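Protein chains in written order, with the working numbering: chain A, 2 to 366; chain B, 2 to 366; chain C, 2 to 366; chain D, 2 to 366; chain E, 2 to 366.
It should be emphasised that the hints constitute simulated quantities derived from the structure, not laboratory data. None of the values given here were measured: they were computed from a predicted structure. Certain hints may be false.
Pairs involving identical chains hold if they fit within one copy or between any two copies, as the list cannot separate such chains.
Calculated cross-link-like contacts (lysine-lysine; reagent style DSSO-like; alpha-carbon spacing at most 30 Å) [claimed, not checked]:
| hint | residue 1 | residue 2 |
| --- | --- | --- |
| 1 | Lys90 | Lys175 |
| 2 | Lys90 | Lys172 |
| 3 | Lys362 | Lys53 |
| 4 | Lys90 | Lys362 |
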Amino acid sequence: MFQVVQTGPKRIPSILKKRKKKVGLPPGTPIFIGRIKTEEIKITVLDYDEIKCEEKEVKTVEECLPFKARPTITWINIDGLHDITTLEKFGEHFNLHPLLLEDILNTDQRPKIDDYENHLYVVLKMLNYNEERKSVIIEQVSLILGENYVLSFQERPEDVFDPIRERIKGKKGKIRSYGADHLFYALIDVIVDNYFLILEKLSERIEFLEEEVVKAPGTETLQIIHSLKTNIIFIRKAVWPLRELISRLERGGSVLIQAETSKYIRDVYDHTIQVIDTVETLRDIVSGMLDIYLSSISNKMNEVMKVLTIIATIVIPMTVVSGIYGMNFQLMPELAWPIGYPMALSLMLLVAIIMLSYFWKKGWL
Amino acid sequence: MFQVVQTGPKRIPSILKKRKKKVGLPPGTPIFIGRIKTEEIKITVLDYDEIKCEEKEVKTVEECLPFKARPTITWINIDGLHDITTLEKFGEHFNLHPLLLEDILNTDQRPKIDDYENHLYVVLKMLNYNEERKSVIIEQVSLILGENYVLSFQERPEDVFDPIRERIKGKKGKIRSYGADHLFYALIDVIVDNYFLILEKLSERIEFLEEEVVKAPGTETLQIIHSLKTNIIFIRKAVWPLRELISRLERGGSVLIQAETSKYIRDVYDHTIQVIDTVETLRDIVSGMLDIYLSSISNKMNEVMKVLTIIATIVIPMTVVSGIYGMNFQLMPELAWPIGYPMALSLMLLVAIIMLSYFWKKGWL
Amino acid sequence: MFQVVQTGPKRIPSILKKRKKKVGLPPGTPIFIGRIKTEEIKITVLDYDEIKCEEKEVKTVEECLPFKARPTITWINIDGLHDITTLEKFGEHFNLHPLLLEDILNTDQRPKIDDYENHLYVVLKMLNYNEERKSVIIEQVSLILGENYVLSFQERPEDVFDPIRERIKGKKGKIRSYGADHLFYALIDVIVDNYFLILEKLSERIEFLEEEVVKAPGTETLQIIHSLKTNIIFIRKAVWPLRELISRLERGGSVLIQAETSKYIRDVYDHTIQVIDTVETLRDIVSGMLDIYLSSISNKMNEVMKVLTIIATIVIPMTVVSGIYGMNFQLMPELAWPIGYPMALSLMLLVAIIMLSYFWKKGWL
Amino acid sequence: MFQVVQTGPKRIPSILKKRKKKVGLPPGTPIFIGRIKTEEIKITVLDYDEIKCEEKEVKTVEECLPFKARPTITWINIDGLHDITTLEKFGEHFNLHPLLLEDILNTDQRPKIDDYENHLYVVLKMLNYNEERKSVIIEQVSLILGENYVLSFQERPEDVFDPIRERIKGKKGKIRSYGADHLFYALIDVIVDNYFLILEKLSERIEFLEEEVVKAPGTETLQIIHSLKTNIIFIRKAVWPLRELISRLERGGSVLIQAETSKYIRDVYDHTIQVIDTVETLRDIVSGMLDIYLSSISNKMNEVMKVLTIIATIVIPMTVVSGIYGMNFQLMPELAWPIGYPMALSLMLLVAIIMLSYFWKKGWL
Amino acid sequence: MFQVVQTGPKRIPSILKKRKKKVGLPPGTPIFIGRIKTEEIKITVLDYDEIKCEEKEVKTVEECLPFKARPTITWINIDGLHDITTLEKFGEHFNLHPLLLEDILNTDQRPKIDDYENHLYVVLKMLNYNEERKSVIIEQVSLILGENYVLSFQERPEDVFDPIRERIKGKKGKIRSYGADHLFYALIDVIVDNYFLILEKLSERIEFLEEEVVKAPGTETLQIIHSLKTNIIFIRKAVWPLRELISRLERGGSVLIQAETSKYIRDVYDHTIQVIDTVETLRDIVSGMLDIYLSSISNKMNEVMKVLTIIATIVIPMTVVSGIYGMNFQLMPELAWPIGYPMALSLMLLVAIIMLSYFWKKGWL
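Could you put the whole structure together from the sequences, leaning on the hints where they help?
Take a look at the structure:
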């Protein structure tokens, strides 16, 4: 798991850190890169065809096998990746390549698609917004499409797939009448649609900042801009590879994807382009904001300087005049004049006014 | 102030916000993303061939069908997208794919072209300049070209298609003698031509800013630059995809576009390139402006600093001298000198002049 | 000041403004976009073959037709585009497509090449430097190559084609022995060669600025940099499309261009690349200048600040000491000391020297 | 401090310097570009097949030849490149092209792949992090794949290949059952995996900086940012060419790489893309940091200015009032008033409060 | 000739200036663009085969012809381009196209390759570092490869080709046993190798700057950065086109280049990529330096501001207190107190300490 916003200092290493233990190991050694969670792995099987639909939470991989054997469509969702033995069993029973297993566990994978002979493997990034911590959480989802089954691996239980589950159970839409490839598409679609929600959250924050930046720029503003910028850099990293991934999925070639589903994947492709477009737009706006911030601060300083200059201009003649007549020379004729005092006061005022109006004309104030 | 969508803070979310209710729904579920308007949907039919021309405002989709059945060219314009039932009826009678219907309603679509078997679907962005609110409004227009009909869907009634309507009714140009594909072209053409008007408005504002930025940069200048920048980012987003869209339309392949019309579409393509060119030029100029702004402010501050330094330089010797002779030591021989006072005054002047001329030589002032 | 089109504030709109009257008109309606000039259209015919050469200024299009009919090469140059009737007559007699006529008149066209069946149409931008107004003027030139004739349309009389005219009349070079395609090439070549002159003017200004920016940056420097930047943006816009244009001309395919001429067009292509290269180089240098400007100003401010700090450091101990001994307490023993006064003066000096040397060591001054 | 090659000022020349002696020499003259080390060259032979495995440190090239002659897989690792005679002997016995030998010695080579007829030559950069000196060290590794042997040339002994050695000797994984191409792959893989460790080190430093930049930016912060930036520039230079290199290795064509190994190379390719992605991400973050730094400093200065203004505002009325009543005019009626003194004090306070509250309202403070 | 560093103001025009006299001239008119030198043209012939080798300095073109006629390999080097008649004679005797002659003389040519039927023409830029003037000098070299001869044209005598000459005369390497194409390659190779020397000089300067920029940024630093930046812009311009040029040479097609030589040209290609890589790296570093410079200066100013604030904070309470007790009110009870004076002094100190510690806590100092 990876938190973009909340724990600043842990942002970047968390993508990379656990790698250390992997260097030099034989390829295909499944090692889990990520925080080890104490919760148990949760395996949910959803088995359906147009007529019936069965949902079951199982404990072991072996319990899944009868479902796979049936001609119905079987969706097995695995929450939690830390139990390597379970995963290796999946690998064995579903005939998954060791490199594929390694990729599932290596949760800092770049989104990609791999076409193995009898199944299609897709790695995606799931973005979630943690309202409480005001943070974007990036998680890895691995999807495997086999002949009549779909496997989905998540780092931890998330409810993003719930609408699909509901549609299947509630027979909403035609999903029950399509094949496993349509389920595969639907899972990708819901992940991509979720991106829009995250982008909305970000754009809300940006919108909130826009006025602040020009009117009352402060240190926190700077921190939020920096955090937004880093967020968007990470979201870009998660989103850009999707373009090629889904394009390859559409142009397909895989026998597992039917022609009808391709049309829907084309639709996901359009959404992906739109997500990328929006991310780039947000990036441009946030980049611009930093320039605005800098200009705004310079502007404020300029105003403060003007105030200082005005004050100096007013005060200085007064100080000079009062300084002169504060000297203790025995022979200072003005000191004896009856109009000496009011004259000095008037002089102060006069010089201040002359200076102020001169600077005003020059446009310096 | 100058804004893309009327209210600044809502600028960005308004592109994205309503998506929330869509996530997880079956594909092809038509849901209207956009502000729901209270006005009624307005359907206008314009039916013409070289000989006669009939215009009629209808209430229901069924009333359009007789026109479609005739060999004449039928243009059905729909203003307002919030009545989903009406749209679904169109989908039914005109045999539109559910994904297409979804795209019409999803008003934050990226401009694109989809070639369905018996019709061609194009999504475009219409830019309008609201003179009163000084804002650019981005609206989505969907155009569908069928064998002898064109459907156009707009979010709300706009008069941008009026010139076409006039040309058809007034038999101006040869539009009446061409097919539905020419009408399709003409609608795209008028939308693209409209972009030039918006760019003119923007360039007028830019031109107005150019002098201000160098001579009198202030907080509002900053706000206008930021707003212009954001505007151009959004216009780019609307305009760039057009390039590929119209290029694909020209290179065609669609049997619905005749060779003669292709020549005209080539012309629209040239305009599109020119629009993109101009948008990029404006973007470069506005980007440069922010740099100029920052430099200009630094420059102003520099001048203010110089004034402060000049003042300090003049005043300081005076203060020092008057301070010294303001001390109350019993044994200060100068105080008793008759020329003490004028000497002190001369000293003040002298030191100030020496310092000023020294700094002047050094180029610090 | 140095500007693209004579009056700064009108720089950008002038490219776009007159479009307004075009929106919604039937395609191919020739409308002149540009400043309407009061002068008359000037038509010059130059008819030549290897043996003889005839130059004539004519009043009407019809007078040109006999020249066109002859087997000799006929170059018809038209200065001024505001008389639409004359242009329409050309269209008629030379069999020009309405869209082509529209393009000739639409003087904010992007440089492009169009291959009509019996003629080749090229739009170029001519850059001229108005020495008096210190401004670059961008004008559109349309060139049409027919079987044995070349038509050239200019917005207003310019002398850029004069050297060609001289070469033809004076039989310099082999131009008289080549076909119309060579004349066509020669006209393009002279326009591209002219770009070098403009770039020289710009680089002279840049060279002049380079020292100023580092040594004495001021408000005007900023204005000139901004103006140079905008100039280069516009020149880029005029020059970049040339690359593809001339490349297409060279790779040809057009039967109107002979193999021998292709070799020369390759040469123009090399020049175009060089022009683009130089424009990009100038752009990089001018962009860098703004950064230098900003740094330079910050630098100057820093120096001013140091002067202020030095002054403050010297003056402050003096003020404090003189302030203390200026107090009127009855019991201030130092006041009665005979060495009180010199001691106070020495104290002032001492503290100032200590502070100055301390700050010096710290590297603050 | 954190540097690419141990001593900052020598960072860049060290890549280039020794070239001087090469200019104008005949091609294929092997000259060692790099620091000449005093240690001896160390040659290690590891000879294995599925059954047995022999490791031996040899002194001369000739001792290696018997291993090469056997059908087993032979890995010869050479640490140290300064002994040109040894290298030339390798060239002779292993039939290496003079240009290849030159490339091995020229240690500022760009990563590349060369396909000679009977062997494959790959140049890579090895990144090492020197914990003690806090520096990244870039070293060149040359790998040669022959029919049943692999040669690896390193500038100096490093332990990066140790895990591979262990796997072979310990029979971990299936490496012993594969051919020389798999060993070749494994060496490349371990080098690429090592990049992740370096990127982790960098991201740890970046993470550490992120807070510092906003909260307490100082001169060292600037130095570290600059050093990080330069580091990343050099790492990019080492990493980017890998993409094409490994892609070419995968798409192969070389008969020396078996189909099975290609699958694993595909895996290395994915890692390479991920490394590049991460480097770009770090680059974006570090670039952004400098902007944040600048903004942060401007921000701090703004706050300091405000403090100065507040102080000035409070003090100035006091100075003026006390200045006025410090004048020595004989006729200053207030001086004789009993409430003169408290009145003056109150006046001071009052004016200061009025000014402060005025500026506060204006938002200047 | 073109001086990058030394004469700043003449930097840019010198690339372009002399063009003026060319505009409008017939194509293929050889006109020398460059400074006309008074020295004579120097023609050196080096004629060799595997057995013998003859070097001779000749006066006229005709003297070269016997060498060309022999089956041996003839290298004719021409230093100085100002004598157009000589060049035209070369054109005549060696059958060179007029456009080629024009290109040789036009010394601001972009590096390019032209394949004429019986010879290959290459234009390159030679970079030389003038140690005395601390300037990079860009000169144009034209190389022509014919069947058994190579012509090289340089603007002025340089010793860059001397190592080749030595190798031929001294029979070092195998150059004598190869054909004219190998000589052609060797000349290109030595020019490209020379680039590394220039890049070293630049990187030495950069390295020298790196510390200065962070620690003691001044006006000269700025000038050097600007000059380095401009240098690199010009070197890029000279170097980038090489990539395509040499790639085309390698992929060849020309019958004049033998297969064996292609392998060597591949090596030059690798060097070119490396040169480009290094230039880009230097560019990135220099660009980053300007940002560092700006940040560094802001930083310095910040520190100066803090010093000012500290001073102000200490001094101000002293001034205020001494001002108050310097007033001349008749009724100021404190003045009569015996502890008045020490009390006032203590008050001054106390307030200063309180303010300082308060600001310290706030982190303003």
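Each hint tested on the structure:
Proximity of Lys90 to Lys175 under the C-alpha cut-off of 30 Å is restricted to the inter-copy arrangement: shortest distance 20 Å between copies versus 33 Å within a copy. In the homo-oligomer, the alpha carbons of Lys90 and Lys172 lie at most 30 Å apart only across protomers (24 Å), although the nearest pairing inside one protomer, at 32 Å, exceeds that limit. Proximity of Lys362 to Lys53 under the C-alpha cut-off of 30 Å is found in neither arrangement, the shortest distances being 87 Å within a copy and 71 Å between copies. Within a single copy, Lys90 and Lys362 get their C-alpha atoms no closer than 85 Å, and across copies no closer than 61 Å, so neither meets the 30 Å cut-off.
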